[in-house]
Amino acid sequence: YVKFPDHGTTNVYRVSLEGEVEKVTDGKITVGGFSIDESGEVLAFSASDAVTPSELWTKDKEGMRRVTAMNRELLKKIRIVEPEEFWFTASDGVKVQGWIVKPQGFRRGQKYPTLIQIHGGPRSAYGFKLDSAEHEFQVLADQGYVVVYTNPRASIGYGEQFAGLISGHWGERDYQDIMEATDYVIKKYPFVEPDRMGVLGGSYGGFMTNWIVGHTDRYRAAVTMRSISNWYSFHGTSDIGWMTLPTHELINGKDPWDDPELCMEKSPITYVKNVKTPLLILHSEADYRCPIEQGEQLFIALKKLGKTVEFVRFPDEPHGMSRTGKPKHRVERLQHIVRWFDIYLKGN
1410 YVKFPDHGTT NVYRVSLEGE VEKVTDGKIT VGGFSIDESG EVLAFSASDA VTPSELWTKD
1470 KEGMRRVTAM NRELLKKIRI VEPEEFWFTA SDGVKVQGWI VKPQGFRRGQ KYPTLIQIHG
1530 GPRSAYGFKL DSAEHEFQVL ADQGYVVVYT NPRASIGYGE QFAGLISGHW GERDYQDIME
1590 ATDYVIKKYP FVEPDRMGVL GGSYGGFMTN WIVGHTDRYR AAVTMRSISN WYSFHGTSDI
1650 GWMTLPTHEL INGKDPWDDP ELCMEKSPIT YVKNVKTPLL ILHSEADYRC PIEQGEQLFI
1710 ALKKLGKTVE FVRFPDEPHG MSRTGKPKHR VERLQHIVRW FDIYLKGN
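Anchor point for the sequence shown: position 348 equals 1757 in my numbering, and the numbering is continuous, going up by one each time.
The hints are simulated quantities; they were obtained by calculation from the structure and are not laboratory data. Beta carbons: idealized from backbone N, C-alpha and C, even for Gly. Hints are supplied without guarantee of correctness; some may be wrong.
Unchecked claim - The following label-pair restraints were derived from C-beta to C-beta distances:
1. K1663 / K1520: 44 to 52 angstroms
2. K1713 / D1501: 33 to 41 angstroms
3. F1413 / D1501: 19 to 27 angstroms
4. G1756 / G1662: 44 to 52 angstroms
5. K1713 / T1653: 26 to 34 angstroms
6. L1465 / N1683: 49 to 57 angstroms
7. G1577 / P1736: 34 to 42 angstroms
8. L1714 / T1467: 56 to 64 angstroms
9. T1733 / A1453: 34 to 42 angstroms
10. G1436 / D1592: 26 to 34 angstroms
Produce the complete structure using the sequences and hints provided.
See below:
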């Protein structure tokens, strides 16, 4: 029994010794933990969907049923907007999946500032769930923003070729997918305001945010979190290990000193002179995945160049602060994001 992502869902599957695959759970859900009784006939699992935090479910010969409602009282108190799923065809003919969340109090005929969210990984994926990332989307929607999130190339759940395409090519096809997703929602949804758009992301999403503001000024504001700016200085300093990034992912198995030109070509810090977008940098001081020097040197470079930039440091917090950090810091992080976009997209 295994679970794996598939087009924004994560379900449980049974795989035989002969390689036959049978789907056990079903639906637009994201399964968390699961276990099976001794008979092999009853499966218990946790699962979330786009508007419901994780609950306990069972699956037996009579079907699937939810057995808890632990979030019933919480859901009475908070405002949730159900995301709308969409697909668009990229310029190379590949279909890319995404979702759009309308702002609270949405009114037909009105245009709203719009935020493009980029997930981490890059071999990760957004999907049908209501977890910490999706909570962030709902907070932003509650503050009057349209929120768009997609699974561009390198995301998982769409096949090996889709996930592996950017190996050695970060900032290329993935960047195009994000730009084309932006074009698509502007054309498809009349309530998206093209002149008031922002972009944000963390980890790989932070790398992509840094890359984007160095290659286009179409977004009026950006927030980069726990990001990567310089692959050369990143090498050997991250808990991800020195064999993967940038050695194999970016520069064809070489060390940075063996091909410094390519290493720096793929580093957002190289393009700081191009940055016109006001940038907020959020970084945790105990981030061992993307060490804080990555945020520090980006901030210093932009500050030295006279760009509009702000740097917020969170003490004693890890790479995953937005998910596992101290509650007060998680609240402050969201407040900083809202504040930044309110200034540059709403003029507040």
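Earlier hints that do not hold, by number: Of the numbered hints, just 9 does not hold.
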